[in-house]
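Q: Residue strings, one per chain:
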Amino acid sequence: MTTGWQIATVEAVKTETDRAKTFVLSAPGISRFRPGQHIDIRLTAPDGYQAQRSYSIASPPEDSGVLEVTVELIEDGEVSPYFHEVVRAGDQFEIRGPIGGPFTWQSTEGGPLLLIAGGSGIVPLMSMLRHRSASSAFNIPVLLLYSSRSLDDVIYREELESMAAQDDHLQVDFTLTRQRPDGWSGYERRVDDEMLGEVIEKLGAPRLSYVCGPTAFVESVASALVERGLEADSIRTERFGPSGT
Amino acid sequence: MLSRGFFGKKRPEASRPVPPGQYLEDGFPVLSAGPTPRVDLATWDLTFESDGEVLGKWDWEQLKSLPATDMHVDLHCVTKWSKHDTDWRGVSIDDLFEAAGITDPPGDYVMAYSDGGYTTNLPTEDLLDGKALIAYEYDGEPLEPAHGGPVRLFVPHLYLWKSAKWIRGLRFMEQDAPGFWEAYGYHMYGDPWKEQRYIGD
Ligand SMILES: Cc1cc2nc3c(=O)[nH]c(=O)nc-3n(C[C@H](O)[C@H](O)[C@H](O)COP(=O)(O)OP(=O)(O)OC[C@H]3O[C@@H](n4cnc5c(N)ncnc54)[C@H](O)[C@@H]3O)c2cc1C
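Protein chains in written order, with my numbering: chain A, 8 to 252; chain B, 37 to 237.
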């Protein structure tokens with residue numbers, strides 16, 4: 008883990024959805040990270056006031072010299088609206104990292120792997136999926152269950168769909184909790200025990216499960232997995248925020 | 037370095053400052069590495085030990101029969117939020133020492149351990165003189181599982197990861213050793229006012 012603050016430069020900004028943007032950062036001083044880890048970002052105002060927040064790394068460690076973060080807009084927030092409304096290519100700010108404990112996965116750890124995301128909780132799981140592809144670990148079975156409000160809110164949708172289309176061992180299931188397009192054939196409710204039963208049946212007993220999203224989402228999904236009989240220490244969690252979706 | 041166009045959000049003036057890098061939160065976020073364990077008070081107990089020797093052991097009824105101590109304090113989590121004016125009740129480590137007849141601290145450091153395998157290390161002196169509780173109530177209610185209930189260690193002058201949730205015991209040690217987060221590079225001591233988040237801070 009690197010600890011000092013260093014300067015990152017924004018190389019590019021990508022619009023993922025109406026409420027999510029990706030920032031490509033060049034940060035030469037950041038040492039190799041493990042998928043699932045995050046960086047801390049520190050912003051400084053002219054009066055000396057500083058704000059710090061954590062953002063998961065979205066890109067795989069195989070991308071050298073750059074890393075990507077994806078920030079979801081929290082309307083009444085302090086830092087995420089700044090990223091959405093102000094930050095552009097060429098801007099610089101301070102970051103430190105990589106940081107993170109057990110919420111990491113590398114292809115050497117194998118599978119089957121159950122990934123469950125709520126909203127922007129997809130970000131660190133995307134780093135794991137991209138790393139699995141970049142390290143050609145296509146034989147490791149993975150199932151991603153990803154809960155969003157609507158299809159338009161699904162971050163990385165095209166990339167996820169094309170990854171799954173080309174990969175016999177990767178399954179991606181979406182559930183849309185608020186709005187569905189006509190003819191939607193995926194799930195249309197919050198993640199519940201029955202849904203977890205179905206995806207585990209499709210995947211086969213997971214050796215490792217990763218659950219990421221708002222606190223309430225992670226609490227309910229992780230508890231349901233334990234009640235289904237998965238070993239508590241095979242379930243790794245990252246809780247992003249205080250409120251539920 | 038200045039961040040172009042960043043002014044910070046005008047927040048209601050806090051009655052007192054928060055530690056560096058922290059922001060004030062009204063809610064009560066949760067940080068844990070895995071699922072929230074369900075602890076059964078019927079079989080729960082708390083052990084103080086040193087060199088494999090049991091110095092004190094209490095079940096739930098015994099813990100509850102010891103004098104309760106209240107704390108009105110501010111909380112600081114390493115994930116950047118602080119929360120002012122929270123109320124906690126539990127049994128102070130001083131009172132547990134007295135109940136167990138421990139007069140001299142059995143070691144300069146402690147490894148707190150929990151259901152679910154969590155551990156965290158602290159200097160013993162940071163648990164004494166009213167600085168720490170074995171806590172079972174938050175805001176007048178039984179402590180919720182997600183916040184470490186039914187019983188957690190509570191050491192509010194350090195970052196909250198030092199307040200081991202789902203506590204089962206304290207193992208006294210002569211020398212400091214890293215616990216769960218500390219082994220991942222988090223700070224051995226964790227003073228929020230010195231912003232000791234990670235090793236080297
Ligand atoms: C380890 C870790 C990794 C994270 N990774 C990411 C990531 O990859 N992408 C990302 O977008 N965010 C991520 N977050 C959340 C991020 O750190 C910020 O909390 C988030 O961007 C909100 O900051 P803000 O300053 O805009 O809002 P704040 O000013 O902090 O909060 C404004 C209001 O919104 C509420 N709020 C704060 N966070 C959330 C939330 N996540 N959902 C709903 N309400 C909230 C607060 O309670 C408050 O009422 C991560 C958090 C952690 C702890």
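These are calculated hints, taken from the structure and not from any lab test.
It is possible that some hints are incorrect.
Distance condition first, Cα-Cα at most 27 Å in a straight line; then the derived DSS-like pairs of lysine-lysine [said to hold, decoys possible]:
1. B:Lys119 to B:Lys45
2. B:Lys45 to A:Lys28
3. A:Lys28 to B:Lys116
4. A:Lys21 to B:Lys45
5. B:Lys93 to B:Lys45
6. B:Lys167 to B:Lys93
7. B:Lys230 to B:Lys45
8. B:Lys45 to B:Lys100
9. B:Lys230 to B:Lys167
Simulated DEER-style distance windows between Cβ atoms [as the list claims (entries may be wrong)]:
10. B:Glu134 to A:Arg214: 32 to 38 Å
11. A:Arg156 to B:Glu177: 27 to 33 Å
12. A:Glu208 to B:Gln211: 15 to 21 Å
13. A:Ser33 to B:Thr83: 47 to 53 Å
14. A:Arg197 to B:Ser51: 36 to 42 Å
15. B:Gln211 to A:Gln13: 31 to 37 Å
Derived, one-sided and incomplete: chain B residues facing chain A with beta-carbon distance under 10 Å [what the hints assert, rightly or not]:
16. Gly44
17. Gly70
18. Lys93
19. Gln211
20. Ala213
21. Trp217
Being a predicted model, the structure only gives us computed values, none of them experimental.
Yeah, the Cβ is synthetic: ideal placement off N, Cα and C, and Gly gets one too.
Q: Take the C-alpha atoms of Lys119 (chain B) and Lys45 (chain B), compute the straight-line distance between them, and say whether it is at most 27 Å.
A: Status holds; Cα separation ~18 Å.
Q: Have a go at the Ala213 (chain B) hint: is there a Cβ in chain A nearer than 10 Å to its own Cβ?
A: violated (17 Å)
Q: Starting from Lys93 (chain B), check that the Cα of Lys45 (chain B) is at most 27 Å away, please.
A: The given pair, whose Cα atoms are some 49 Å apart, is violated under the 27 Å limit.
Q: For Lys21 (chain A) and Lys45 (chain B), compute the direct alpha-carbon distance and say whether it is at most 27 Å.
A: holds (24 Å)
Q: Would you check the hint for Lys230 (chain B) and Lys167 (chain B), treating anything up to 27 Å between C-alpha atoms as holding?
A: Holds, at roughly 18 Å.
Q: Take the shortest C-beta to C-beta distance between Gly70 (chain B) and chain A; is it under 10 Å?
A: holds (5 Å)
Q: Measuring from beta carbon to beta carbon, are Gln211 (chain B) and Gln13 (chain A) in 31 to 37 Å?
A: holds (33 Å)
Q: Is the gap between the beta carbons of Glu134 (chain B) and Arg214 (chain A) within 32 to 38 Å?
A: violated (47 Å)
Q: Let's test the interface hint: is any C-beta of chain A closer than 10 Å to that of Lys93 (chain B)?
A: At about 25 Å, which exceeds the 10 Å cut-off, the nearest Cβ of chain A leaves the hint on Lys93 (chain B) violated.
Q: Was the hint right that Gly44 (chain B) lines chain A, CB cutoff 10 Å?
A: holds (4 Å)
Q: For the restraint on Gln211 (chain B), tell me whether the closest CB of chain A is nearer than 10 Å.
A: violated (23 Å)
Q: For the pair supplied as a hint, Lys45 (chain B) and Lys100 (chain B), confirm whether the alpha-carbon distance does not exceed 27 Å.
A: violated (44 Å)
Violation of the numbered hints given earlier is confined to hints 5, 8, 10, 12, 18, 19 and 20; the remaining hints are satisfied by the structure.
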